[in-house]
Each structure stands twice: as C-alpha cells, then as structure tokens.
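Chains as they are written, first to last, in UniProt numbering: chain A, 1 to 483; chain B, 1 to 483.
To be clear, the hints were calculated from the coordinates, so they are not data collected in a lab. Heads up, some of the hints might be wrong.
A pair counts as met if it fits within one copy or between any two copies, since identical chains are not told apart.
Cut-off 20 Å, straight-line C-alpha distance, at most; resulting in silico cross-link-like pairs (SDA-like, lysine to any residue) [what the hints assert, rightly or not]:
| no. | residue 1 | residue 2 |
| --- | --- | --- |
| 1 | 70 | 26 |
| 2 | 378 | 117 |
| 3 | 378 | 268 |
| 4 | 232 | 211 |
| 5 | 232 | 214 |
| 6 | 378 | 126 |
| 7 | 378 | 119 |
| 8 | 73 | 275 |
| 9 | 87 | 38 |
| 10 | 173 | 461 |
Number of protein chains: 2
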Amino acid sequence: MSATDVARQAREAFDETQTLLSMRGSEQADAARVKALECIRAALEQARDEIQAANQRDVAEANELVAVGKLSKQLVSRLDLFSKPGKWESMLQGVSDVARLPSPLDVCTRATRLADGEPATGARAATGPLDLYRVTCPIGVLLCIFEARPEVIVNIASLAIKSGNAAILKGGKESKHSAAVLSRCISTALEQSELPRYLVQSVQSRDEIQALLHEERYIDMVIPRGSNALVKSIRQEARMPVMGHADGLCAAYVHEDAPERLAVETVLDAKLDYPSACNAIETLLVHRHHCTSGLWCTLAHALLAAGVRLHCDDESRACLDGALSDAERSLVCAATPEDFDTEFLDLDLAVRIVGSVDEAVQHIQQHGSGHTDVILCKPLHEGAATPGTSAADIFTRSISSSSVFVNASSRFADGFRFGYGTEVGISTGRTHARGPVGLEGLVIYKYVLRSSGDGAQTAGAFAPGEHQRAWSHRALDNVYPTL
Amino acid sequence: MSATDVARQAREAFDETQTLLSMRGSEQADAARVKALECIRAALEQARDEIQAANQRDVAEANELVAVGKLSKQLVSRLDLFSKPGKWESMLQGVSDVARLPSPLDVCTRATRLADGEPATGARAATGPLDLYRVTCPIGVLLCIFEARPEVIVNIASLAIKSGNAAILKGGKESKHSAAVLSRCISTALEQSELPRYLVQSVQSRDEIQALLHEERYIDMVIPRGSNALVKSIRQEARMPVMGHADGLCAAYVHEDAPERLAVETVLDAKLDYPSACNAIETLLVHRHHCTSGLWCTLAHALLAAGVRLHCDDESRACLDGALSDAERSLVCAATPEDFDTEFLDLDLAVRIVGSVDEAVQHIQQHGSGHTDVILCKPLHEGAATPGTSAADIFTRSISSSSVFVNASSRFADGFRFGYGTEVGISTGRTHARGPVGLEGLVIYKYVLRSSGDGAQTAGAFAPGEHQRAWSHRALDNVYPTL
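Using the sequences plus the hints, can you model the full thing?
In structure tokens form, the structure reads like this:
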C-alpha cells in the first residue's frame with residue numbers, strides 16, 4: 001500500500017468517526033473512545049507473550065549491533081519493554097490513565113451573541129438571535145514519528161484516540177518487531193470497537209515517511225519525537241505544521257542577589273537530575289558579583305564534585321584559578337564559542353560571567369532554543385506583586401522561551417509535572433502549542449453559528465438601509481446548547 | 001540588504017522590544033504600543049499629499065495595463081486609495097481602532113499550584129509554593145504577503161504592533177509606489193516612538209520572498225493574503241507555519257425540513273451578497289425531497305433571476321425541465337465533476353441533489369476546503385438543547401470546517417461580524433487559529449513558573465524517598481501576580 005493510500009485511509013477513518021460519533025452527544029462519543037482504549041488495553045494484555053517474544057527479538061538484534069559498536073547500550077535499555085520491573089505495567093496503566101482524563105473535545109471556549117432577534121418587519125419573517133460558539137474539536141490526522149521506545153506507539157495511539165484524531169505512527173527500525181505486534185493489537189482492538197479500524201495505522205519504512213510528509217491534503221500535523229537530527233530533517237521536509245522540539249538548549253542565570261544555597265541546589269538539580277534530558281541546563285550564566293561573593297566558587301566546587309566538566313569563559317575560569325584541586329582542574333576547560341550553542345546532553349556545562357540581567361537576557365535570546373530558561377534571584381514572596389523592574393520581572397518578560405522559571409529547576413518543564421497527566425511532547429515552536437503539550441495540544445476549535453427563529457439570517461440585513469440590523473457582540477455564558 | 005539581514009533585523013527588533021518593554025508593567029507596555037500607533041496615524045495624515053501622488057502613479061500604471069488587457073479593472077479599484085469616498089479615512093480610523101482594542105498580551109489563561117510550600121527539614125531550607133502561570137505573549141516575527149490593496153500594509157502593521165510582534169511586509173508589485181511611501185511613514189513614526197525602527201519593515205521583490213520563506217531561524221509565521229495561487233505557492237515553499245486560506249469552497253445544504261423562505265433568502269445572501277468573497281457559497285446541496293416540494297424550483301428561479309449560472313447535476317436539472325423560461329434556461333448547464341471542486345468567485349453555483357444529511361456531509365468532507373459550510377433546516381428554538389440526532393446536530397458535529405453554520409448565511413464568517421473588531425485573515429488550517437482570526441491569532445503563550453520562599457525548588461525533591469514532596473496540581477485564580 002502506498003503512502004498516499006495510508007494517508008487517505010487515515011483521513012477517511014477520521015471523517016468516518018466524525019460522522020459516526022455525531023449521532024451521539026459529547027458524553028456518549030467520549031464513552032465510545034474510552035471503550036476503544038479499554039479494548040486496546042485488553043488486547044495488549046492478551047498478547048503479552050507474543051509482544052514479549054517480538055521485543056526480545058528486537059533486543060537481541062540490537063545487542064548484536066552494540067557488540068560491533070553500532071548502537072549504544074542506552075538504546076537497548078530504551079528498547080527493552082520487559083526487563084525493567086513495572087515498565088510493561090506502566091505502559092498498560094498509561095492507556096487507562098489517558099482514557100480517564102477529561103475529554104478535551106466539545107468544550108465551548110467562547111460564546112457570543114452576534115445579534116439579537118428582530119420582529120417581523122415588512123416582507124421579513126421574525127428572526128431569532130444569532131449566536132456564535134467556539135467549540136474544541138480534533139485536529140484531524142496526526143503523523144507521529146519517533147525513535148527507539150516501542151511503548152510510545154501505545155502512548156501516542158491512546159492520546160490520539162482520546163482527542164478524537166486519527167494517527168499514522170512510525171517507530172524506529174530498532175523496534176520494528178515490537179512495533180509490528182503492538183500495532184496489530186491496536187488494530188484488532190479498534191476492529192472490536194465502534195471506531196474505524198484505520199483510525200490508527202503504522203508504517204515501517206523511511207521512504208514512506210518522506211512521501212507522507214508531502215501529503216498535506218490528508219495529514220494535518222506532524223509530531224516528531226527523537227534526536228535533533230530527526231526533528232530537523234522532518235522540519236525541512238514537512239509541508240504541514242510540525243510540533244516538537246529539536247534543541248533543548250536551556251540556561252540558568254544566577255543574578256546578583258541570588259542566595260547561595262538556593263542557587264547551588266537548583267543549578268545542581270537542573271544539571272544533574274537527568275543530564276541527557278532536553279530540560280537539563282547546558283549553559284550557566286553567573287552575575288559578575290559572584291566572582292567575588294564566593295558563590296561562583298562554591299557552585300563550581302559542587303558541580304565539579306558531581307563530575308560536571310565546566311567549559312568556562314576567561315572570567316569564570318580566572319576566578320577558579322588557585323581554588324581548584326588537580327582533580328577538579330582536569331574537569332575545567334576554556335569555552336569555545338560553539339560551546340554556548342551546544343546541547344551537550346551530558347555532564348558538560350558552558351559557563352559565562354555577565355554584568356547584568358540584560359546581558360543574560362541577550363545571551364539567551366541569541367543562543368537559546370526557546371525551551372526553558374531559569375533565573376535564580378532573591379526569593380519572591382507569595383502573592384506579592386513584584387515591582388516592574390525586579391530582575392525576575394525583566395527576565396520573565398524579556399525571555400520569550402516556552403518556559404521561563406524563577407527560582408525553580410528547569411527539570412520542572414514536563415507535562416506530568418505541569419499537571420497535564422501525560423504529554424505529547426515538548427514544543428519549542430511559537431504557534432499552536434508550546435512547552436509541555438498535553439491533550440489540549442491535539443485539539444483545535446471550530447466556530448458554530450446558530451440562528452433561532454423563523455427568519456433568514458442574512459449579512460445583507462446588516463448593511464446600511466432602512467431596516468438595518470444592529471450587531472450586539474455580547475458575551476454569552478460559555479454553554480454550548482447542543483451538548 | 002539581503003533577505004537574511006532583513007529577517008535578522010526583524011528578530012533583533014522583536015527581542016529589543018521584549019527587553020525594552022520588560023521594564024514596564026503590562027499596561028505601560030501597551031501604552032507605548034498605542035502611542036506608536038498614534039504616531040503612525042499622525043505620520044500618515046501628514047504625508048497625505050505624498051501618498052496620494054504615489055497612489056495615483058500606481059493607478060495610472062495599472063490603468064495602462066488594463067488598457068492592454070493585462071490587468072482587471074477590479075484590481076485598479078482595489079489599488080485606488082482616494083477615489084472612493086471614505087476609504088482613506090477608514091484606513092486611518094483602522095489604526096486608531098486597533099490601538100483602542102484591549103491588549104491581547106500578558107493575559108493569564110491558566111494558573112496552577114504545582115506544589116504547596118514545605119517547612120525546613122533537615123538540611124533543606126523552607127520552600128514556598130511553586131506556581132505555574134500560562135501567559136499570552138507575542139509570536140515573534142511575522143512575514144505578511146499580500147496583493148493589491150495598499151491599505152493592508154497599514155492594517156497589518158497596526159495589528160502586528162498592537163500584538164507585540166515584529167513584521168516584514170510585502171505588497172503586490174501593482175501597489176509599489178503607494179507601499180513605499182506608506183512604509184516610510186510607518187518607519188518614520190516608529191523612529192519617533194519608543195519602539196525600534198525595524199519592528200516593521202517592507203520588502204519589494206519576489207526574490208526576497210523566496211529567501212525569507214527559508215529563514216525559519218528568524219521568522220515565526222507567514223500570513224499570506226491573496227489569490228489561491230499565491231497562498232499555495234507560499235505553503236509549498238515556507239519552512240515556518242503558514243496561516244491563511246487558499247480556497248474558500250463553501251457549501252450550503254438545504255435539508256428536508258428547511259422552510260422555503262428561510263432557505264431561499266439565506267442562500268441568495270450567501271451567494272449574492274459579495275460573490276467574489278471567499279465566504280460566498282460555491283456549492284448548493286439540496287435534499288431530494290425538495291425536487292417535489294417545490295422549494296428547489298423556487299430557489300432556482302430566484303438564483304437565475306439574480307443572474308446566477310447554475311451548474312446542475314442530472315437530478316437537479318431534470319427537476320427544472322419545463323419550468324424555465326428561455327432566458328433562464330441559458331443560465332443552466334450540466335455540472336462537470338470539476339465544478340464541485342471549483343471556487344468560482346463569480347455568479348456560478350454548482351448544484352447537487354442528495355438523499356440525506358449524511359450524504360451532504362460526505363460531499364463536503366470530500367470537496368470542501370474547510371472554510372464555511374451551512375445547513376438550512378427547521379428553525380431551532382433559542383436555548384433549547386437540540387436532540388443529538390437532529391440534522392443540525394449531525395451536520396455541526398460531522399463537518400470539521402472552521403466555521404459551521406445553522407440557518408445563517410456563510411457571509412457571517414468574517415472577523416468584524418464575529419465581533420473581533422478587525423481581522424488578520426481567515427484561516428482554513430487546523431492548528432493554531434482557525435476561521436476569522438483576530439488579534440488573538442497573533443499571540444501565543446509562555447509558561448512562567450514562580451517559586452516563593454527561600455528553599456530551592458528541585459525536581460529531585462519529588463522523587464521517591466524519605467522526604468518526598470507531593471504534587472498538588474490545583475487550579476489557582478487566574479491572576480498573574482506581576483501584572
């Protein structure tokens with residue numbers, strides 16, 4: 001089957017669900033989606049042995065590649081669905097968790113009375129009021145492309161179904177055996193449900209992806225999850241919007257008035273909690289005051305003690321001269337200009353001394369990737385309005401990254417931690433959805449305009465003239481009357 | 001100056017405004033933007049003679065092209081800023097109107113307490129609560145590409161400034177003299193304001209556009225306004241999200257239970273109020289019942305009397321046989337398959353008989369462009385919940401176009417009529433913003449996470465362990481404390 005066929009089939013399945021579920025109210029439609037998710041969970045549980053066998057084949061083949069140095073051990077552990085206790089169970093639990101989330105669909109987010117009703121005049125019948133509702137709806141067909149972890153197939157399928165979308169999934173070639181069985185379970189479950197079988201489909205080859213990225217007639221959004229190189233190549237090729245992030249070049253800035261303990265503990269967490277995560281910091285900006293306050297030295301000792309290699313600008317390195325042991329000194333090097341544009345994803349940190357919050361902001365504007373940036377400064381007081389010129393204020397207003405944090409670790413930039421239950425991914429884009437994206441990022445809205453009364457609602461009636469109607473443009477209670 | 005320079009300059013100007021205005025509160029920042037808009041209006045008023053002279057040159061050159069059949073007369077009237085009474089004044093008034101709209105920026109749309117504060121324990125200082133705010137912010141740099149109307153430069157510049165964005169504008173070559181003077185006025189006004197001069201820039205050549213469409217480093221969104229061909233070519237080339245619409249293939253469906261007068265009056269308005277508008281209907285679907293009810297004949301007579309050429313399927317044409325005068329008959333032809341995929345933008349209408357609302361829905365799903373579709377049916381009663389299986393319900397739930405109307409003309413799909421004051425354009429996309437897009441479509445949001453209290457906020461503190469902190473994920477009142 002060609003990529004075009006897959007894409008058209010996905011669009012047809014999407015249209016079919018829209019029609020199918022349109023006979024129900026919103027609650028009944030959500031119930032049908034929940035039921036399909038329960039079928040998926042059951043199908044996965046039933047096929048556990050088969051999935052495990054397929055997963056073991058993937059792991060075995062990957063291990064051969066590790067042996068010849070063609071694959072990292074890390075990747076094998078990401079592939080393996082069964083060795084780590086609880087991983088398989090938590091994948092299953094994820095399906096149920098998504099099913100239980102409130103439906104993101106059919107939510108009225110704005111209601112406006114465009115015009116009041118008018119009595120019959122002359123040849124014109126009485127017209128009722130004209131009311132406009134903005135109501136959330138699915139986006140349509142999603143193309144999701146990801147790398148090693150086979151459970152992402154199940155996660156994304158669940159999210160797509162819950163949000164009323166169709167999905168085409170493509171996993172990494174390393175997980176192909178697992179992906180094939182997982183996908184078959186999903187298809188079988190969909191066949192048993194009320195939803196169309198082709199609502200979720202998988203494709204295997206890279207060539208198909210190339211072709212699908214040009215099927216903007218049928219595919220509405222691409223969600224890549226994986227390496228920088230993967231995301232960048234998809235951004236280049238795709239003819240439809242892409243949601244995701246290539247780089248996570250996060251920075252922490254330690255302002256002049258930051259308390260030492262707060263700064264040190266937060267920076268350590270931001271760097272060390274999970275160094276290969278996209279929300280770990282890669283750049284540290286320190287206010288010049290801390291060259292003499294001692295904070296920078298304390299912070300450097302703590303980072304070096306944890307094995308972090310510091311790529312220091314001249315000024316930050318000069319500060320440390322004479323204060324370091326030989327072992328520590330071996331972890332300090334001179335920063336190259338490229339270091340400030342590098343996502344290390346490892347125990348490396350680029351360090352630069354700056355003279356002000358403005359200089360920190362400028363550095364981040366020039367080098368950041370719009371993911372998450374942090375200022376560490378004098379503690380805020382709860383509820384108190386900070387003055388417009390505090391460093392925290394300038395920083396949060398000036399930095400246009402998707403997440404801007406005051407006195408908190410960059411590691412909080414995460415859908416679960418933000419309270420979204422689950423996450424589609426983190427987006428550094430500047431349209432549609434940004435930061436950690438939950439189910440809300442998989443829906444959009446449509447406008448429903450409803451007239452009541454017997455008379456026609458014509459735009460012409462609002463044109464200047466004897467019986468010209470007037471606009472009212474008045475907010476209504478946010479209630480969508482058909483739900 | 002190269003396209004890259006223009007794009008980089010725009011990004012720098014954007015970053016500069018973010019920093020510049022960050023010293024103020026939200027109200028002061030909006031005041032600075034309003035003041036810049038007032039400067040623009042004053043600069044335009046002052047340069048009226050010069051603008052008029054430039055505009056006359058454009059009109060004269062266009063008229064030469066009209067004389068040799070290379071340009072339509074319509075286009076000349078769109079070019080002409082001064083002949084039609086009130087056009088110039090309404091362009092100026094538009095600047096003031098946009099200035100007066102409520103600021104779309106710094107609006108907190110969600111506030112969550114991620115975790116409550118914790119007292120000091122062991123080596124850990126007391127931490128205050130950790131609060132997450134989702135706050136609206138500008139998108140960044142917009143590239144706006146449009147055709148003839150020179151006043152669009154002023155409209156879009158106003159909208160971009162009010163919403164905190166930077167803009168690069170490219171008008172049609174027909175309006176080049178007018179555009180040059182208008183742009184210069186805007187730049188001069190910006191120089192006199194507190195905003196950076198390069199916040200709004202213009203480019204002239206097509207080649208520059210090609211290059212700019214690849215500057216995804218600096219440009220965040222493209223807004224094309226113009227012909228189908230223009231929008232399609234931009235969609236193909238752009239590496240950044242595109243907001244707009246290529247086709248406006250709108251349909252009206254007359255259901256079995258639609259009252260005749262309501263249906264006829266609404267369809268006439270939808271087709272005739274402004275036939276070359278994107279929200280005029282191009283397709284009419286009529287329930288088979290109306291072949292015998294007489295409604296279709298009445299409607300056809302009314303359309304033909306207004307000079308509409310009907311491209312009829314066999315069934316709808318057979319109905320009219322014997323009922324038409326010779327003059328009427330000359331306006332009726334057999335529909336080709338392409339007619340149902342054609343945006344006529346003229347007094348042409350493709351007509352098809354369908355057997356049910358489902359068949360109408362399927363037709364629209366296959367042939368529509370996602371702009372605006374209308375159902376005409378039994379009048380709804382105000383406030384009453386319609387049963388889940390009414391035709392209106394099935395239609396509004398099944399059709400995933402950006403605007404779906406019940407008993408109202410498609411011509412209401414318009415930013416002004418929707419009550420948005422002004423419109424950036426109409427989007428048929430399925431992400432970010434859809435339908436008539438007002439200032440809200442030019443903003444996005446960022447997450448601001450704020451800790452209070454002296455202790456560090458680390459993700460590690462929430463990991464399983466003795467002093468594990470708990471998530472609270474509780475909604476806060478939507479108040480952003482720094483505003």
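Results of checking the hints against the structure:
no.: 1; hint: 70 with 26; in the structure: neither (50 Å within a copy, 54 Å between copies)
no.: 2; hint: 378 with 117; in the structure: between (57 Å within a copy, 17 Å between copies)
no.: 3; hint: 378 with 268; in the structure: within (18 Å within a copy, 66 Å between copies)
no.: 4; hint: 232 with 211; in the structure: both (17 Å within a copy, 19 Å between copies)
no.: 5; hint: 232 with 214; in the structure: both (16 Å within a copy, 13 Å between copies)
no.: 6; hint: 378 with 126; in the structure: between (64 Å within a copy, 14 Å between copies)
no.: 7; hint: 378 with 119; in the structure: between (64 Å within a copy, 18 Å between copies)
no.: 8; hint: 73 with 275; in the structure: within (16 Å within a copy, 64 Å between copies)
no.: 9; hint: 87 with 38; in the structure: within (19 Å within a copy, 61 Å between copies)
no.: 10; hint: 173 with 461; in the structure: neither (61 Å within a copy, 37 Å between copies)
In this structure, the earlier hints numbered 1, 10 are contradicted, and the remaining ones agree with it.
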